[in-house]
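**Q** If you follow the hints, you should be able to join the two separate chains into one complex; please do so.
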Amino acid sequence: MEDLGWWGVVLAVLAGAIRVSTPFLFVSLGELLTEKSGRINLGLEGTLVMGAMSGYAISYLTGSPWLGVLVAGVAGALFGMLHAAICSLPRVNDIAVGIALMLLGTGLAFFLGKAFIQPQAPILPAIDFGWWSDVPQVRAALQINVLFVIGLLLAPFLLWVLTNTRWGLIVRTVGDSADAARAMGYSVDLVRLAATMAGGFLAGIGGSFLSLYYPGSWNEGLSSGQGLMAVALVIFARWHPIRCLGAALLFGGAGALGPALQSVGVSQGYYLFNAAPYVLTLVIMIATCSPTRTLAGAPGELSITK
Amino acid sequence: MNAPFLRTHANGALGLEAVGMTKRFGGLTALDDVTMRVSAGSFHALLGENGAGKSTLVKCIMGYYHADQGQVAVGEQEREIANPRDAHALGVGMVYQHFTLVPGMTVAENLVLSRSHVPAVVKWADERRALDAFMAGMPFRVPLDVPVSALAAGEKQKLEILKQLYLKNRFLILDEPTSVLTPGEADEVLGLLRRMTREGKLTVLTITHKFREVMAYADEVTVLRRGKFAGTGRVADLSRSDMAEMMIGAREIPHGASRLDNAIGEPRLQITGLKALNDGGLPALEDLDLTVWAGEVVGIAGVSGNGQRELVEVLAGQRPSAAGEVRIGGELYGATRAEIKRHRLCLLPEEPLRNACVARMSVAENMSFRSFDDPPFARGGWWLNGSAMRGAARDLISLYKVKTPGPDAPIGTLSGGNVQRAVLARELAHDVRVLIVANPCFGLDFAAVSEIRSQIMQARNRGAAVLLVSEDLDELFELADRILVMFDGHLVYETPTPDADLSVIGQHMAGH
Chain A
85 MEDLGWWGVV LAVLAGAIRV STPFLFVSLG ELLTEKSGRI NLGLEGTLVM
135 GAMSGYAISY LTGSPWLGVL VAGVAGALFG MLHAAICSLP RVNDIAVGIA
185 LMLLGTGLAF FLGKAFIQPQ APILPAIDFG WWSDVPQVRA ALQINVLFVI
235 GLLLAPFLLW VLTNTRWGLI VRTVGDSADA ARAMGYSVDL VRLAATMAGG
285 FLAGIGGSFL SLYYPGSWNE GLSSGQGLMA VALVIFARWH PIRCLGAALL
335 FGGAGALGPA LQSVGVSQGY YLFNAAPYVL TLVIMIATCS PTRTLAGAPG
385 ELSITK
Chain B
62 MNAPFLRTHA NGALGLEAVG MTKRFGGLTA LDDVTMRVSA GSFHALLGEN
112 GAGKSTLVKC IMGYYHADQG QVAVGEQERE IANPRDAHAL GVGMVYQHFT
162 LVPGMTVAEN LVLSRSHVPA VVKWADERRA LDAFMAGMPF RVPLDVPVSA
212 LAAGEKQKLE ILKQLYLKNR FLILDEPTSV LTPGEADEVL GLLRRMTREG
262 KLTVLTITHK FREVMAYADE VTVLRRGKFA GTGRVADLSR SDMAEMMIGA
312 REIPHGASRL DNAIGEPRLQ ITGLKALNDG GLPALEDLDL TVWAGEVVGI
362 AGVSGNGQRE LVEVLAGQRP SAAGEVRIGG ELYGATRAEI KRHRLCLLPE
412 EPLRNACVAR MSVAENMSFR SFDDPPFARG GWWLNGSAMR GAARDLISLY
462 KVKTPGPDAP IGTLSGGNVQ RAVLARELAH DVRVLIVANP CFGLDFAAVS
512 EIRSQIMQAR NRGAAVLLVS EDLDELFELA DRILVMFDGH LVYETPTPDA
562 DLSVIGQHMA GH
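Going line by line, the protein sequences match chains A and B.
Just so you know, we're using our numbering here: the first sequence kicks off at 85 and counts up by one.
Just so you know, we're using our numbering here: the second sequence kicks off at 62 and counts up by one.
No lab work stands behind these hints: they were computed from the structure.
All residues carry an ideal CB built from backbone N, CA and C; glycine is no exception.
Honestly, I wouldn't trust all of these hints.
[What the hints assert, rightly or not] Now the in silico label distances, taken between C-beta atoms and shown as ranges:
no., chain 1, residue 1, chain 2, residue 2, range
1, A, R175, B, A277, 53 to 59 Å
2, A, D273, B, G395, 44 to 50 Å
3, A, W251, B, R146, 19 to 25 Å
4, A, P240, B, R146, 34 to 40 Å
5, B, E188, A, I211, 37 to 43 Å
6, B, G452, A, D273, 46 to 52 Å
Next comes chain B alone, as it looks inside the complex (with noise of 0.2 Å):
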């Protein structure tokens, strides 16, 4: 390889080429045959939606994960890269989602600490010379002397991105840099990078799906689908569209589950002004209103991480609400299981084994869940009867098709998607009227999906109001009667399924 894109700048910035890279796990293919060129000096955003293959391609180039075919060119150079030292080594660094730094020790400890070979004994006053004459040559600074558990989310990325540069290295991949930060802090972050790629000093590689970054800060853009190269080019020669069409594609909408032309009912759910914080404390959703009609599908899509999880926890009861009123048939509604039985709220959470289930416990025990302390389960609400549970798991086992040893095995022992039929096999046993879905059928194979999208489907025809939460498109398009889109805590977009757009709601969830 000879390049000339390859070529070091000669300040320092380095070039980089991954062809042809493939990764299976297991049968899954994550990365089909994926090329992207990364020029010296540029800033170069990677594209793509969740699960595209991003963070995979990433993490070959870095050496984490080690590709079943193609290869890695760093500077002019073929490189073999086996772990992220060898990275190191190259000058290649990456700052991570999550944070890497120890929070109890001060930044100046982090960045000594950092390096790959520590003194035995640190002089503290010399490696302090040395890192405010570091400092001074930086385009931000953080305080040496604070606590990294003091620094808020903004400083810690700085911190991180400091870090690559105080180890030297000249070609910096970021993964979803800005997902912790403001907007404001994202915008001083990625315009101080943006200067030093300009003088050449650095090359810098992001990993995002906002378009708003895209458009604003890099230079080139390479898109992933699926695990596959979907498109590449400079930023200043495509359109927002371009991009958001070679990220989710020009995909057929499917028109799978038959969809009955019933009435709407009454408003069944009724969300109004809802708020509620992460696990962080910050506020995860916020004046949030929504209405579930009976008798139709509502969809929610969204990039991960926008307040979908939190959403659905609420419903479940699993997290309170800070302010706000959810009511359903007009009844406030405060996820009581008295409550749950009373409006007949069924409700399918991502990861059912972890969020649904209790895995020790038998699929016999795990489906009578809702109904064990009622007759015919229960005798005087306590005495249960163990036989008639079983009888009755065995008939929706044989309903539903989940495939299990038995109504006695632990429900632990069962494949994902038998768990999800299982549990979906419990919230739909008795007539549903309210039904609460996060992504059915993530992970599972096609004739699981078909199966799953029809039950929910056939519940919406029963006259269940439904709330659909989903990051895959195709299912949104195929289940839902509207399309609502949630970003950052709010529901920023609505519209009729068969009047959507799929590029329109594309950039809704990059942020528009």
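Pulled out of the complex, with its shape left as it was, chain A reads as follows (with noise of 0.2 Å):
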């Protein structure tokens, strides 16, 4: 094997953020179409590791990753549909049924997935962009699952949507002024019932790609807040889908850094790098926040921002 020096950590980091970012950019973007109709769900997290364990133990049995993929996303898709029932409820705060979901997610994902800690399920395939390189590292950092290129035009097409499409329209509209969409006649809870299923959807994919790539097992330390950093990405990127995609390989390449430099041999200060995501989010949250004016381009129905 070659050494390939500090070419070699930012190849790893390159790597790990086309790696890392994957759940990043599906609960981003399912958490930006959700913010867009005006909500903020919080529960993505345990939508995440509730999706993480239904993929796994679908996948575990019945042999078909992909059908785990279709079953998280569909245990996504119930969460923000109990996310916004409740919600539309009079006098519920979004952000505190967020949290109990949360709870109630990673709580009942560690309850039913207890059997499938063990087992090893397959996984999901990789695509092997690295055919036309002969050295080992290249290679394998270009070993790239589909459900990354999948959240790659994603990106591209939720944009599409909102810009361009009725029902983006309507997303959105429900999302800066309820009473204006309300005039137009357009039903504010349905809308948003149905934003924040989209949302819980992606998620629930993202969750899947945890425990079927990387890592690929189901366990209960399997996700470190990923789906409650998706929503500080969100706010980064300022309610934007390309923008999302570009903060979540960030946030991948920050959680890669630490592995990547114990690879090369610096190991000391392991876990302070690991902890990059973190300070990032942390900084990231204070730089672009502002008492005195408010989020440009942040959705007028926000809790956050109203």
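**A** And the structure:
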């Protein structure tokens, strides 16, 4: 094996960015869609873990990882439906409901997933984009999962939907001015239900990536807050799908920093480097928030911007 | 119906007639047998004071409210308008006082979205071409790619009007369209609308209380007063004072509560150069100078939204002042609790349940807000004595005839008049030196009204300086020693009540 030196770190971070970013990407696109309709779903962390568990379990039971991905999405959509249904009741705060569902989702996943910690389920295939290279590190880095490719295409597709379709315009109207939407005769609660369910579907798929590709097994420490960080990421991306993609890659790269440095022998401060995504979250939240002006691009109906 | 004025203009303008419109809300008759005729291609003004029923009438026409009686004819036919969608189908559109645009979306997106049928996939290239062509034919233009949140109020108002024209509405109802505009913007928008009515493309019905705009732009006017038809005519045939008299009425000036001829004392409340901003950060009050002497009632008249609320909020300590100073008895006053107590300032704001009460706390607790941390209600300033509070509250309840199940009932369960009485009891419980009252009788029955007014008069007779902010001119004529008119954040007119002329006051209220 050739020694690439510090290039190895760069390559490992890039590879890590692609690998680690996929759940970020799916959860943040889901959260973006939900927030565009005017609600924050903090429960996506629970949805993510639930998706990871159910995807893994179905893959193990049926032998089809793709069926697992689908079921993970459906489980996420059900959680989204629950969130939207509870939030449509009068005097209910979406953030409080989100936290409750986050705890419910993780708890339920741990309870139902006990039996699937040991067995190995079939995992998702990767496409070898590195066939042109002789360097094994490059080949390893370019083993890209199909879900990442789907996510890559999903970001521009979501942008197109939000700007060019009736459904996209209606979702944005509901998220920006519920009064205007009602005046036009749209049902605010129904639109939010659909948007939250679609968001949950994507978050569930993001969870299945964790258990079915990377790290590629089911255990209770699988998620390390990706679902919550995705909320920060959406704010950082200013509610724009393409910027979401960039932000997800950035967070993924930060998450891969620790293992990458370890691979070239820098083991001091390993845990400190592993904390890079959390530090990044904090820095971004501080840098992008201001007490005097409201966030540009924020949907007007969000409870945090109202 | 086959009246010539209803005949649709060759260029599209519609005529409209509303006959015998009556609308009741519970026991209140908001609109009583009102008839209005708007001829095709005219610019028609609907004039009246607050609460005269103007909005109710147009909302009945638009189908937001279902009128209890009356018919509406659009074009030459009588029509059944059950909801705003029916009105739109007939080509009748309305621009509301609050904007109905989606702030985060661009002008183009807002226009396309306003259509009754939005295609599943919007082909923006085609839509842009159509919108550009539409804009080119319009008298005023708004940039298409800018988000609505970045537009100024005047541009938003123009966009609301453009939206109605984009939807091909040919009868346009505007609800106080210039209330958010500067005079320059108002002239531009109204001038352009007037030109469109001249060309016969559009009929405009505008709700207003501004005489200036009626005189400058309207062809015809219909005046409402207290839910009833008060007059109509061609603007060219009417003078300003004719319209003011129709609007305010040749009322008898009531002299109720006994006014003692006590000597006026020293200047008690002095406001100099006061400036305050409204919720949107724009100036609501500017360079306000006002002195209230001990033993007099100073009444402030004005159409709501001209800075009265902000003035009361500054005095109550609910809103910071941006410039200027308030002095009480010569001392600077910053509305702290200690100052309020020391100067014995009492305040009855409008909507007291929201502004001066905690709805879920008991009547006794609400009644002791001013003094709960003083003996005998508190020992050492912190150990509260509930039975003393309840005892004092019982006395006040019987003295001010507050109808409540008892001192422990949550104040939010009381009726509006009784909340008003309870707050007034609290505020007048001690020897008052400065009393500030805003619309104290809004929505109350006659008995409660005369009682509350006599309490205010008694405070004055005891030598308090009273500032009374009211939209009810009768109330001001009854209580005030001097009447000042507030318009656009300034005090524009002052007169001693015995010399006051209703029509002159009405004109100043409308900005003259």
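**Q** Decide, hint by hint, whether the structure agrees.
**A** Comparing the hints with the structure gives:
Between R175 (chain A) and A277 (chain B), the C-beta spacing of about 48 Å breaks the proposed range 53 to 59 Å. One distance hint, 44 to 50 Å for the beta-carbon pair D273 (chain A) and G395 (chain B), holds here, with the actual separation near 46 Å. Between W251 (chain A) and R146 (chain B) the beta carbons are some 21 Å apart, a value that agrees with the proposed interval 19 to 25 Å. For the pair P240 (chain A) and R146 (chain B), the beta carbons lie near 36 Å from each other, so the given range of 34 to 40 Å is met.
For the pair E188 (chain B) and I211 (chain A), the beta carbons lie near 39 Å from each other, so the given range of 37 to 43 Å is met. Distance hint check: the CB atoms of G452 (chain B) and D273 (chain A) are about 50 Å apart, consistent with the given range 46 to 52 Å.
Of the numbered hints listed earlier, the single one contradicted by the structure is hint 1.
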